[in-house]
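Following the hints, put chain U with the ligand in place on chain H, whose structure we already have.
If you read the protein sequences in the order shown, they are chains H and U.
Going by my numbering, the first sequence opens with residue 20, and the numbers climb by one from there.
Going by my numbering, the second sequence opens with residue -6, and the numbers climb by one from there.
For the record, the hints were derived by calculation from the structure and aren't laboratory data.
All values derive from a computational prediction rather than experimental measurement.
Any given hint might turn out to be false.
Facing chain H, a subset of chain U residues (Cβ under 10 angstroms, in silico) [what the hints assert, rightly or not]:
1) M34
2) A49
3) L58
4) G142
Chain H is faced by these chain U residues, among others (derived, beta-carbon under 7 angstroms) [to be verified]:
5) K25
6) E29
7) Y40
8) Q54
9) Y61
10) L111
11) G112
12) G114
13) I115
14) S116
15) L120
16) A122
17) D139
Even glycine gets a Cβ: it sits at the ideal position worked out from N, Cα and C.
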Amino acid sequence: MDCSYFGSRLNLYVDGELGYLEVAELQGHLSFCPDCAAELARLSEVRGALAAWGEVELAPPPGFAERIAAAAAQEARPGQATVGRVVGGALEALDDALGRIPLPGGRTVPVKNVLGYGIAATAVIIQVERFLRRTRELKPL
Amino acid sequence: MPPSNFNKWATLPDPTPAELARAAAGDVEAFKTIVERYKGMVYSVAYNVLGNHTDAEDAAQEAFLRCYRKLPQYRSEAAFSTWLFRLALTASVDYQRRERRRPEPVEAPDIAGDEPELGDGISAAMLTAALRDLPDDYRVPTVLRDIYGLPYQEIADITARPLGTVKVMVHRGRASLRLRLQAERES
Ligand SMILES: [Zn+2]
Chain H
20 MDCSYFGSRL NLYVDGELGY LEVAELQGHL SFCPDCAAEL ARLSEVRGAL AAWGEVELAP
80 PPGFAERIAA AAAQEARPGQ ATVGRVVGGA LEALDDALGR IPLPGGRTVP VKNVLGYGIA
140 ATAVIIQVER FLRRTRELKP L
Chain U
-6 MPPSNFNKWA TLPDPTPAEL ARAAAGDVEA FKTIVERYKG MVYSVAYNVL GNHTDAEDAA
54 QEAFLRCYRK LPQYRSEAAF STWLFRLALT ASVDYQRRER RRPEPVEAPD IAGDEPELGD
114 GISAAMLTAA LRDLPDDYRV PTVLRDIYGL PYQEIADITA RPLGTVKVMV HRGRASLRLR
174 LQAERES
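Next comes chain H alone, as it looks inside the complex:
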């Protein structure tokens, strides 16, 4: 067994994914191989720094809570279904499923935008038709 064999197991070791026989074998090697022991120490150091960083609280930009409250105020009450939210939710699900549509020039556009504009355009057409029908109905008077 050489160092590359044990070196490749260090990640599994720190993740607790080795069986106890494999752990014993690795620890045996580490006890007399300073190179692998140093490698383990460096790996543990990085993991220690990352774990410590996870406890650090970062400060959001000023006005953060106010902007979220304002955005929440634009929403319907939580849990209350609205047509907008049902359509929005369906589009979001489609977006997750379908991803983005490529446009010429290498840009992409989310499927939900295309469908969203389509639905908005349909709504406008229905309104215009309604209006035209009403004016037509009014004419004889």
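Chain U with the ligand only, in chain H's frame:
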């Protein structure tokens, strides 16, 4: 089950049932109180997943709006902080997968408090710069695993990647961070 590195955030007091009920009924002021209490946690998660301020703020806002919409479905079998922490993680990962990330001038994050003790010769600026420069494919699973202590299976679920791929990405992310930190220390 809360992730293993969750200790700090778990000490935040959960909102009272009355506060939750008011926010769930659409009382924006009550909701804002909740945002004020948890904004540090949610923003930190978003920043660590995304690596820059602009995207972090967008993703954190998205996380809170999802929280607002889902409040009526929140059940107290999970601590509120744990529940919101999960929402913040998934909103940030979804954001990363969906949006084109904006290049941003290099800017260290604003730490709420003293410079943390991260290890011999490792500063917060060094660590965040090293994380930010990792490819997304490495950074996101490495952040979830080693900053937040999530089990690999859960990382695979959240990122919609095969378990084996996630493990390889984390191993590479660690190796790349190790080399970068070592190089910076020696320079
Ligand atoms: Zn060795």
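Quick rundown of the hints versus the structure:
1. Taking 10 angstroms as the C-beta cut-off, the interface hint given for M34 of chain U holds, the closest approach to chain H being about 7 angstroms.
2. Satisfaction of the interface hint for A49 of chain U is found here, the shortest Cβ-Cβ separation to chain H being roughly 8 angstroms, below the 10 angstroms cut-off.
3. At about 6 angstroms, the closest approach between the beta carbon of L58 of chain U and any beta carbon in chain H falls short of 10 angstroms, and the interface hint on this residue holds.
4. Hint status for G142 of chain U relative to chain H: holds, with the closest Cβ pair at about 7 angstroms, below 10 angstroms.
5. Contact between K25 of chain U and chain H, as hinted, is supported at the beta carbon level, the nearest pair being about 4 angstroms apart and thus within 7 angstroms.
6. Look at E29 of chain U: its Cβ gets to within about 5 angstroms of chain H, closer than 7 angstroms, so that hint holds up.
7. Taking 7 angstroms as the C-beta contact cut-off toward chain H, the hint placing Y40 of chain U at the interface holds, the least distance being around 5 angstroms.
8. For Q54 of chain U, the suggested interface contact is upheld, since its CB lies about 5 angstroms from the closest CB of chain H, less than 7 angstroms.
9. The restraint placing Y61 of chain U at the interface with chain H holds, with a minimum CB-CB distance near 5 angstroms, inside the 7 angstroms limit.
10. Hint status for L111 of chain U: holds, given a least beta-carbon distance of 4 angstroms to chain H, under 7 angstroms.
11. Contact between G112 of chain U and chain H, as hinted, is supported at the beta carbon level, the nearest pair being about 5 angstroms apart and thus within 7 angstroms.
12. Given the 7 angstroms rule on beta carbons, the hint for G114 of chain U is violated: about 10 angstroms separates it from the nearest Cβ of chain H.
13. Because the beta carbon of I115 of chain U sits about 5 angstroms from the nearest beta carbon in chain H, less than 7 angstroms, this interface hint is met.
14. Against a cut-off of 7 angstroms between C-beta atoms, the interface hint on S116 of chain U is violated, since the closest Cβ of chain H lies about 10 angstroms away.
15. Annotation: L120 of chain U was flagged as interfacial toward chain H, and the flag holds, the nearest CB pair being 6 angstroms apart, inside 7 angstroms.
16. Below 7 angstroms, beta-carbon pairs count as interface contacts, and A122 of chain U has none with chain H, the closest being about 12 angstroms; its hint is therefore violated.
17. Restraint check, D139 of chain U versus chain H: the minimum CB separation of about 4 angstroms is within 7 angstroms; hint holds.
Of the numbered hints listed earlier, those contradicted by the structure are 12, 14, 16.
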